[in-house]
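Residue numbers (the numbering used here), protein chains in the order written: chain A, 1 to 189; chain B, 1001 to 1738.
Derived from the structure by calculation, the hints contain no laboratory data.
Each residue gets a CB set at the ideal place from its N, CA and C atoms; glycine is no exception.
It is possible that part of the hints are untrue.
Keeping only pairs whose Cα atoms sit at most 20 Å apart, straight-line, the calculated EDC-like set for lysine to aspartate or glutamate is [said to hold, decoys possible]:
#1 Lys1438(B) to Asp1415(B)
#2 Lys1506(B) to Glu1092(B)
#3 Lys1034(B) to Asp28(A)
#4 Lys159(A) to Glu1204(B)
Here are the simulated distance ranges between beta carbons [claimed, not checked]:
#5 Glu30(A) to Glu1204(B): 35 to 45 Å
#6 Glu30(A) to Leu1575(B): 54 to 64 Å
#7 Glu43(A) to Lys1102(B): 38 to 48 Å
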Amino acid sequence: MTQMGIYFDQTRCTGCYTCAVACKDWHDIEAGSINRMRITPFERGVFPDLFAAYLAVACCHCQYPPCATACPAEAIAKRQADGIVTVDQKKCIGNKECHAACLKACPWDAPQFGPHEGAKMEKCDLCRDRFDNGRQAICVEACPMYALDVAPLTELKQKYGDRVSAAGFRYHEKYRPSVVFKTKSPAGQ
Amino acid sequence: MNERKYPSDEDVTIVPTGCCHDCGGRCVLKAHVKAGRIIRFETDDGQQPQIRACLRGRAYRQRVYHPDRLKHPLRRVGARGEGKFERVSWDEALDEVAYQLKRIKETYGNSAIFLAGGSGNQGMLHGPIPVGAMLQAFGGFTRIWGVASYEGALFASMATYGTIRTGNSREDLLDSRLVIMWGWNPANTIWDPETSFTLARVKEQGTRMVAVDPRFTDTAATLAHQWIPIRPGTDTAMLVAMAYVIISEDLHDQAFVDRYTTGFDSYKDYVLGHEDNVPKTPQWAESITTVPAETIAALARQYATNKPAALIAGWGPARAAMGEQYSRAANVLCAITGNIGVNGGYASGFMRAYSSRETSSGSHGSRNPVEKGAPPRPYSLYKLRGGTNPNSARIHSAKVFDAMLRGRSGGYPADLKMAYVVAANFINQHPNTNLGIKAFKNLEFVVVHEQFMTPTAKLGDIVLPVNTFMERSDIAPPWLGSPYYIYLNKAIDSLYETKSDLEIVKLLSKKLGLPSGMADLAEDDILRMIASGRGDIDDFETLKKDGVLKIKLEEPIVSFKQQIEDPINHPFPTLSGKIEIACDHLAEMGHPQAPPVPKYLTHETGYDSPLADKYPLQLLTSHYKTRAHSTWHNVPWLREIEPHGVWINPRDAEDRGIGNGELVDVFNDQGRIRIPARVTERIMPGVVNVSQGAWYDPDENGVDRGGCANVLTRDAHSVGGAHHMNSALVQVEPAPRD
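Construct the entire structure; sequences and hints are all you get.
Here it is in structure tokens:
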């Protein structure tokens, strides 16, 4: 099995949110509902010694996805061919009945539910519609800074190294998120 | 139209078009159209450099299909500004506009017609351009001089270099050994689509990057190694002190100065204090700027000794009282270090690199009968060509509201009686919005071309619904630096009853008894004519089919390369033929606030002015990542990203008992806005920032709940035309509980 992964270059991210908006446009997601791509701003220090960064996280397509384990309806699965973690909306029983067990299990809030009660889970599937047609994920093609990449995890590691944590992102060994980072730190400024 | 099918959806047609409002980019969008409706966008996935749209372009679908789009012509029924309208037919609406135009022309003359043409559409065919051509054929109109964005930088560029074409290709920064980004935030303002990515590459190759800014902007946080916070309005003092270090330590390039410049000695006299007994030392500047003297001295030495070095002087600090001096001081620093005309250097100035934005439109210049024969404006650089607007029939855009109220008796060239507003949220985007409302209410007639019921459209007597650039065709030249064109292919039919500006002009011209001229031709045919006149579009059909034409240059643009390599045959386009450190044109003006050499000048809204006792916080009105001026303000995908608020340092917030996210009043003698506080260390103490462009939305007490920054800015300009957008003083206090 090939495991697909996501690379994020935190040193390049200007916090422009283009990836997040392109994602909402492509997948036709209303404002104020769900965020398949989540951008978190960070600000540390006291004027004038400051550090600021952004973290962009979609779904980490873990090797051992805690969301799938937590789901009482077996609605979440890993695709055999590429390791993309997908949700079957027909099986998903909605967040009322299971109290959003998948979201609670995920350290990075990848499973997302709309604002209405009983909403079914949605999350990043690496733009499966595009992926299955040989196209790159919309966020990767959108990023004006070329700070995102989606490829087999082994390729990403060869290309970008094997850093798996970043400012604001903690790696969990037991889930093995399929991520590679270039990390921003005050010292690296 | 490109018929390439997207693999997963056989019913989709992909239409290459683009995004062309007034930010610092013009970007590729590919509209996926299904059953006559845009269902999603992609951007440039072609050859490098790709012209990738930012979040604004990607959100365009929510602008096109916004429920608040104006759908049919409207006529005012209540008092002007009350916001009550009735639906009328196009025929009724245009009859009224034609009647009023004729009546005002007959009663007051053409100069009473004010064209409030804004920057909301940057295509070459639509927007204010055809309206200006129509009004010109109708006998003329009054218009503005002075562009809020850049007039100070433009004036300084002309005075120093005699031209606004002073920029380099962005990739040329890869040859720089030091890049200073002064008051420049391309991460938010784009400054040509490839800029931030290029800066990241420059940083990644190890080039030292420094940002000078009162805010720890996204640019400073991401693209700079060092951030130097500086008190707003004092940039000139730091630049002059850098010159002091460079000159007194003999680090300047004397050979360059001798060969290519004029007036160095008189600047030296000012800098060293021979002129006024005040040596402009780093210690002198520290007390003004708050920047430590050693930081100033170190940057000066780095800049003078790491050649080639690029000092990029952004327009923001020039958008301030005495802003011309900042921009002049930066240009002069580039000159005395010999960083001009060489790869990896930079001349600052206005910073246009490629010429494709210069249009030959008839609405510009002296073919307007109202302006014909008007003498040059006093204190203009009227002896220079291309770039300044010396015509005395024009009114500075910061003073239009005052002119509407006082007319000729107030010293203005016209008594304005009507406003023809196109692609402009005029009262929102010009200083002193409350005065603007008063002024618009004082007019006899207001017609507005708009897509939404903006605060300006609300003041219209007739409001004409305009389509978006997804519903018509146009060509967008790029912004300042990149050699490309975008063909905006019409992707969908006009929604509702909307029409393009060009279609409106065609119908109105008939009612005015004017020949409709080019407007009778098909859009594509006019665009073909426009393209053929450019000189750099050699394949119109490919441009149209691909939606983008990237022009290959043999080498990166480096401004003034010819002037430096072959000065005998290529003088600078100044009066002296040299870079004017001291400018004779300015000397002739004899105005104390436009001295021949750049000087740090105090003013009535400075941090040290008496007014600061009452209003101790300096207000910046920056651009915002989710808007281009006031465009996109109402788009939900962008509104949810970062709510509009006033940036305030925790020390200032604590002094006032203000917590993050709490509603506060920001106010001065001109007005009051009520918005949430964004308490952040990313702005220096003593300074607050309200990004411009949020829509004015007053409550019953006249408190603007929308947070329009121009409620607080002054309707003033400096001698060279610099707007005072970043020079207002304010106070902030917790909002009263409702």
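Structure-based check of each hint:
no. : hint                               : verdict
1   : Lys1438(B) to Asp1415(B)           : 16 Å, holds
2   : Lys1506(B) to Glu1092(B)           : 15 Å, holds
3   : Lys1034(B) to Asp28(A)             : 14 Å, holds
4   : Lys159(A) to Glu1204(B)            : 16 Å, holds
5   : Glu30(A) to Glu1204(B): 35 to 45 Å : 37 Å, holds
6   : Glu30(A) to Leu1575(B): 54 to 64 Å : 59 Å, holds
7   : Glu43(A) to Lys1102(B): 38 to 48 Å : 59 Å, violated
Consistency with the previously given hints fails for number 7 only.
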